[in-house]
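S.K.: This is what each chain is made of:
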Amino acid sequence: MHLTDERLNEYLDNETADKAGIEAHLHSCKKCAARLSDLQSLFADLDSLPDVELSANIAARFSPRPSLILQPPRWLTLTTTLQAAAALTALVVAAPFFSIMLSQIETPSFTTLLLQLQTRWTMFLNALSALAANPVEEFQLPITDYPLPIAELSALFIPLAVVSIFWVLGNGWLLRNQNR
Amino acid sequence: MTAPADRDLILRARRGETEAYGELVARHQTNVFNVCYRMLHNRHDAEDLAQEAFIRALDRLHTFDPEREFGPWIRRVATNLCLNHLEAQKPTAPLDEERDEDKTQSPGEQAEVKERSEQIRAALASLPPRYRVVVELRHYQDLSYDEIAKELSLPLSDVKSHLFRARKLLAEKLHAPD
Ligand SMILES: [Zn+2]
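So the sequences go chain by chain: A and B. For what it's worth, our numbering labels the leading residue of the first sequence as 2, then goes sequentially. For what it's worth, our numbering labels the leading residue of the second sequence as 23, then goes sequentially.
Just to be clear, a hint being listed does not mean it is correct.
[Claimed, not checked] When the alpha-carbon atoms are kept at most 27 angstroms apart in a straight line, the in silico DSSO-like pairs for lysine-lysine are as follows: (1) A:K32 x B:K195; (2) A:K20 x B:K182; (3) B:K182 x A:K31; (4) A:K32 x B:K182; (5) B:K136 x B:K195; (6) B:K172 x B:K190; (7) A:K20 x B:K190; (8) B:K182 x B:K172; (9) B:K182 x B:K195.
[As the list claims (entries may be wrong)] Some chain A residues well away from chain B (every beta-carbon gap over 12 angstroms; in silico): (10) H3; (11) N10; (12) Q117; (13) L161; (14) V164.
These are calculated hints, taken from the structure and not from any lab test. On a predicted model such as this, the values are computed, not experimentally measured, just so you know. We treat Cβ as the ideally placed atom computed from N, Cα and C, and that holds for glycine.
Extracted from the complex, chain A is given alone in its bound form (with noise of 0.2 angstroms):
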């Protein structure tokens, strides 16, 4: 009896258990020799397949690209820079300016400036109250006659121009520790 296909394909993938059975109808057998021949020829000819190349690169999608880091581009880095730098000489030039400022400036005291809050709190809701009771009459904030004590306009620009620089100062750090 001929060896089956199965046993063939068996016997060329290393995969049966009877071996020297199959070899000993081989050898007996032109028949199936030359099947197996037949077989054996196909894989040779799966085995010769050559590799072809690959035309991309699937690798650099995966590789993160220097162009693809959050990196600011040079001109914003450069402006930040310049801003920076330009806050600081202003600052310094600043400086004498507003430690005259700063002397001159009544700085009251802070159960003083509690106190004139609380004033004009107390008066702010008498107006409300009295636009309640009589709303005929003209309301109007009572606020005006009264001076701010620190509200000079030197006084507002000194906070304005630390915290700006410290804006900037710090806009310019978070920039630098994205680039890395």
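Based on the hints, put chain B with the ligand in the right spot on chain A.
M.R.: Frame of chain A, contents of chain B with the ligand only:
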């Protein structure tokens, strides 16, 4: 200095080092692409699915045992993706028109080799996806019957019948008397 082993690259990639994974992809991309190209017989789709295989593998990298070999694993991931891709397609899709034809004609023997490769690829592409995948796993990835059965979640008998029938069909296509 020797190049780091795949194992080291995997460990580094698991810690989030993108460059390490890029290096791993660079090492295996040609092999993985060739798996997909044999399965799909279309360069464009093969590139897409090879990339997809690396994305899937990256997602599952934390479950991968780095003591195992990465190459065989990623090729099996790609094989399964291609099988799913083929099975999701309509069987009547006009695939044949899209398939790559080797239009480049190099002189002499090289042309003959190319022609033969093209015949083999075309014969593979003519097989049903289930047959194609067992041929790929047995002949190009050297898996045993048992390993193929496990990989495809098929009974051993199905693996054998698919493989043997696939070979019969291939032989008919390739060894037909001219
Ligand atoms: Zn015989």
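S.K.: Quick check: which numbered hints come out false for this structure?
M.R.: 11
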